[in-house]
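S.K.: The primary structure of each chain is shown beneath.
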Amino acid sequence: DTGVSQDPRHKITKRGQNVTFRCDPISEHNRLYWYRQTLGQGPEFLTYFQNEAQLEKSRLLSDRFSAERPKGSFSTLEIQRTEQGDSAMYLCASSWTGNEQFFGPGTRLTVL
Amino acid sequence: QKEVEQDPGPLSVPEGAIVSLNCTYSNSAFQYFMWYRQYSRKGPELLMYTYSSGNKEDGRFTAQVDKSSKYISLFIRDSQPSDSATYLCAMSESSGGGADGLTFGKGTHLIIQP
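Residue numbers (the working numbering), protein chains in the order written: chain A, 258 to 369; chain B, 10 to 123.
Worth flagging that the hints you see were computed from the coordinates, not collected in a lab.
Model, not experiment: these values are computed from the prediction.
Take the hints with a grain of salt, since some may be wrong.
What the hints assert, rightly or not - Calculated cross-link-like contacts (lysine-lysine; reagent style DSSO-like; alpha-carbon spacing at most 30 Å):
{"#": "1", "chain 1": "B", "residue 1": "Lys11", "chain 2": "A", "residue 2": "Lys314"}
{"#": "2", "chain 1": "B", "residue 1": "Lys51", "chain 2": "A", "residue 2": "Lys268"}
{"#": "3", "chain 1": "B", "residue 1": "Lys79", "chain 2": "B", "residue 2": "Lys51"}
{"#": "4", "chain 1": "A", "residue 1": "Lys271", "chain 2": "B", "residue 2": "Lys115"}
{"#": "5", "chain 1": "A", "residue 1": "Lys328", "chain 2": "B", "residue 2": "Lys115"}
{"#": "6", "chain 1": "B", "residue 1": "Lys79", "chain 2": "B", "residue 2": "Lys11"}
{"#": "7", "chain 1": "B", "residue 1": "Lys115", "chain 2": "B", "residue 2": "Lys11"}
{"#": "8", "chain 1": "B", "residue 1": "Lys51", "chain 2": "B", "residue 2": "Lys115"}
{"#": "9", "chain 1": "B", "residue 1": "Lys65", "chain 2": "B", "residue 2": "Lys76"}
{"#": "10", "chain 1": "A", "residue 1": "Lys268", "chain 2": "B", "residue 2": "Lys115"}
{"#": "11", "chain 1": "B", "residue 1": "Lys51", "chain 2": "A", "residue 2": "Lys271"}
{"#": "12", "chain 1": "B", "residue 1": "Lys115", "chain 2": "B", "residue 2": "Lys79"}
{"#": "13", "chain 1": "A", "residue 1": "Lys314", "chain 2": "A", "residue 2": "Lys271"}
{"#": "14", "chain 1": "B", "residue 1": "Lys51", "chain 2": "A", "residue 2": "Lys314"}
{"#": "15", "chain 1": "B", "residue 1": "Lys115", "chain 2": "A", "residue 2": "Lys314"}
{"#": "16", "chain 1": "A", "residue 1": "Lys314", "chain 2": "B", "residue 2": "Lys79"}
Can you build the whole structure from these sequences, using the hints too?
M.R.: What follows is the structure, given as structure tokens:
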């Protein structure tokens with residue numbers, strides 16, 4: 258399968274714990290995006306990487322959220338001190354410059 | 010007013026009908042318009058990608074963009090039960106989303122009745 262992959266697909270955690278999600282983009286895609294989707298809403302843009310550079314992070318929801326793409330390939334999204342309001346689907350998308358974004362299957366986070 | 014408005018539905022139509030889905034938007038700088046299909050608990054799947062005003066056809070799907078009215082549409086011909094899903098419109102100022110990402114509507118839940 259050469260599409261965008263995300264791991265884990267589902268994460269259940271207790272409030273206050275830290276969680277990390279991984280995204281593997283389509284091979285050779287230089288752009289990578291993270292979105293959050295809550296029930297009944299469209300995806301909401303969080304952050305953007307071009308290669309290893311994080312060029313937009315002002316839309317991250319709070320300072321508890323951070324993302325990395327250390328070698329310009331896979332990316333991780335970390336949420337520290339999770340809250341119940343963080344429960345959502347976290348989606349990753351990748352693209353080649355100026356072209357369409359292709360989404361992964363998402364990681365569903367449940368915070369108890 | 011949200012940047013992109015989309016009726017969440019549900020929209021229920023009989024199999025074989027022509028389906029019309031639409032979105033309105035307020036940001037006149039949007040130039041690129043997309044439609045994604047999302048099945049329950051799955052990631053969005055790209056259906057159509059268009060630039061500026063005009064029509065684009067791909068199989069049973071036709072996308073229309075009217076920038077003067079800030080209105081976009083997706084038509085599905087010969088609808089099938091497998092088309093039952095949530096349809097998300099998305100748009101951006103720069104090609105592929107650029108540094109601002111994509112701005113999505115809420116999605117319309119479509120049900121095709123056999």
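S.K.: Please flag the earlier hints that this structure goes against, numbers listed from lowest up.
M.R.: 5
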